[in-house]
Amino acid sequence: MQGFQLQTWQSFLLVFVFLAVALGLRFWLAKAAWGFHPGGARGYLQDLVLETVISYAPMLLIIFGVKIYIDVNPQYAQSPMVFASIAIAIVSMMLARRIPPVKAASERMMKARNDRWEALKQ
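Everything in the sequence shown is counted per full-length UniProt numbering, starting at 1 for the first residue and increasing by one.
Calculated from the structure, these hints are not laboratory results. Please note that the accuracy of each hint is not assured.
Distance windows between CB atoms, simulated [stated by the list, open to error]: (1) Val82 with Ala22: 23 to 29 Å; (2) Ile99 with Gln10: 19 to 25 Å; (3) Asp71 with Pro101: 31 to 37 Å; (4) Pro101 with Asn73: 21 to 27 Å.
Simulated pairs of lysine-lysine, DSS-like, Cα-Cα distance not exceeding 25 Å [unchecked claim]: (5) Lys67 with Lys121; (6) Lys121 with Lys111; (7) Lys103 with Lys31.
Bear in mind that the values here come from a model prediction, so they are computed numbers and not experimental data. Think of the CB as a built atom: it goes at the ideal place given N, C-alpha and C, for glycine as much as any other residue.
Could you put together the complete structure from these sequences and hints?
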(Lines of atoms letter the chains of each structure in order from A and count residues from 1; the text may use other names and numbers.)
(Lines give C-alpha, C1' and ligand atoms only; values in the text may rest on other atoms or scores of the structure.)
Protein backbone atom coordinates (compact mmCIF):
# COMPACT_ATOMS: atom_id res chain seq x y z
CA MET A 1 0.00 0.00 0.00
CA GLN A 2 1.39 3.36 -1.03
CA GLY A 3 1.03 6.44 1.18
CA PHE A 4 -0.50 9.75 0.25
CA GLN A 5 1.93 11.96 -1.66
CA LEU A 6 1.34 15.38 -3.14
CA GLN A 7 2.55 16.27 -6.59
CA THR A 8 5.14 19.06 -6.71
CA TRP A 9 2.65 21.63 -8.05
CA GLN A 10 0.17 20.67 -5.31
CA SER A 11 2.86 21.13 -2.66
CA PHE A 12 3.74 24.51 -4.12
CA LEU A 13 0.08 25.55 -4.19
CA LEU A 14 -0.42 24.40 -0.60
CA VAL A 15 2.60 26.37 0.61
CA PHE A 16 1.51 29.44 -1.38
CA VAL A 17 -2.01 29.30 0.09
CA PHE A 18 -0.62 28.81 3.59
CA LEU A 19 1.72 31.80 3.23
CA ALA A 20 -1.08 33.96 1.79
CA VAL A 21 -3.38 33.10 4.70
CA ALA A 22 -0.58 33.69 7.22
CA LEU A 23 0.26 37.01 5.58
CA GLY A 24 -3.38 38.10 5.59
CA LEU A 25 -3.80 37.06 9.19
CA ARG A 26 -0.65 38.91 10.28
CA PHE A 27 -1.84 42.01 8.45
CA TRP A 28 -5.33 41.87 9.92
CA LEU A 29 -4.11 41.21 13.47
CA ALA A 30 -1.80 44.23 13.25
CA LYS A 31 -4.67 46.54 12.31
CA ALA A 32 -4.17 48.66 15.44
CA ALA A 33 -0.56 49.39 14.44
CA TRP A 34 -1.37 50.59 10.91
CA GLY A 35 -1.89 54.17 12.05
CA PHE A 36 1.53 54.26 13.69
CA HIS A 37 3.41 53.07 10.60
CA PRO A 38 4.98 55.87 8.51
CA GLY A 39 3.20 54.60 5.39
CA GLY A 40 -0.11 53.81 7.06
CA ALA A 41 -1.91 50.57 6.26
CA ARG A 42 -0.46 50.39 2.76
CA GLY A 43 3.09 50.91 4.00
CA TYR A 44 2.61 48.28 6.70
CA LEU A 45 1.36 45.81 4.09
CA GLN A 46 4.28 46.58 1.77
CA ASP A 47 6.77 46.02 4.58
CA LEU A 48 5.03 42.81 5.60
CA VAL A 49 5.05 41.45 2.04
CA LEU A 50 8.69 42.48 1.53
CA GLU A 51 9.77 40.78 4.75
CA THR A 52 7.82 37.60 4.03
CA VAL A 53 8.72 37.20 0.36
CA ILE A 54 12.43 37.93 0.74
CA SER A 55 12.73 35.79 3.87
CA TYR A 56 10.95 32.72 2.54
CA ALA A 57 11.94 32.84 -1.15
CA PRO A 58 15.43 31.30 -0.79
CA MET A 59 14.15 28.59 1.52
CA LEU A 60 11.29 27.69 -0.80
CA LEU A 61 13.54 27.67 -3.87
CA ILE A 62 15.95 25.26 -2.20
CA ILE A 63 13.27 22.97 -0.82
CA PHE A 64 11.27 22.78 -4.06
CA GLY A 65 14.47 22.41 -6.08
CA VAL A 66 15.43 19.38 -4.00
CA LYS A 67 11.87 18.00 -4.24
CA ILE A 68 11.96 18.24 -8.04
CA TYR A 69 15.42 16.65 -8.07
CA ILE A 70 14.17 13.76 -5.94
CA ASP A 71 11.10 13.36 -8.16
CA VAL A 72 13.46 12.92 -11.12
CA ASN A 73 15.98 10.80 -9.17
CA PRO A 74 14.02 8.84 -6.53
CA GLN A 75 17.08 6.79 -5.55
CA TYR A 76 18.39 9.86 -3.69
CA ALA A 77 15.31 10.25 -1.49
CA GLN A 78 17.15 8.99 1.61
CA SER A 79 20.37 10.81 0.79
CA PRO A 80 22.09 13.04 3.36
CA MET A 81 21.81 15.74 0.69
CA VAL A 82 18.11 16.05 1.54
CA PHE A 83 18.80 16.77 5.19
CA ALA A 84 21.69 19.10 4.35
CA SER A 85 19.46 21.05 1.96
CA ILE A 86 16.91 21.56 4.74
CA ALA A 87 19.64 23.00 6.97
CA ILE A 88 20.90 25.22 4.15
CA ALA A 89 17.34 26.40 3.45
CA ILE A 90 16.81 27.40 7.07
CA VAL A 91 20.16 29.22 7.23
CA SER A 92 19.36 31.03 3.96
CA MET A 93 16.05 32.21 5.45
CA MET A 94 17.83 33.53 8.53
CA LEU A 95 20.44 35.29 6.41
CA ALA A 96 17.81 36.81 4.11
CA ARG A 97 16.28 38.57 7.12
CA ARG A 98 19.56 40.44 7.55
CA ILE A 99 19.43 42.06 4.09
CA PRO A 100 19.22 45.83 4.76
CA PRO A 101 15.82 46.55 3.09
CA VAL A 102 14.25 43.54 4.83
CA LYS A 103 15.74 44.50 8.17
CA ALA A 104 14.51 48.09 7.75
CA ALA A 105 10.99 46.90 6.89
CA SER A 106 10.96 44.66 9.94
CA GLU A 107 12.15 47.50 12.16
CA ARG A 108 9.43 49.86 10.83
CA MET A 109 6.75 47.29 11.59
CA MET A 110 8.18 46.64 15.06
CA LYS A 111 8.34 50.38 15.77
CA ALA A 112 4.70 50.80 14.70
CA ARG A 113 3.64 47.99 17.05
CA ASN A 114 5.73 49.41 19.90
CA ASP A 115 4.35 52.92 19.31
CA ARG A 116 0.84 51.51 19.42
CA TRP A 117 1.49 49.87 22.79
CA GLU A 118 3.07 53.05 24.15
CA ALA A 119 0.01 55.04 23.04
CA LEU A 120 -2.24 52.63 24.94
CA LYS A 121 -0.27 53.18 28.17
CA GLN A 122 -0.91 56.93 28.14
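Now for the hints, and whether the structure bears them out:
no., hint, in the structure
1, Val82 with Ala22: 23 to 29 Å, "holds, 25 Å"
2, Ile99 with Gln10: 19 to 25 Å, "violated, 30 Å"
3, Asp71 with Pro101: 31 to 37 Å, "holds, 34 Å"
4, Pro101 with Asn73: 21 to 27 Å, "violated, 37 Å"
5, Lys67 with Lys121, "violated, 49 Å"
6, Lys121 with Lys111, "holds, 15 Å"
7, Lys103 with Lys31, "holds, 21 Å"
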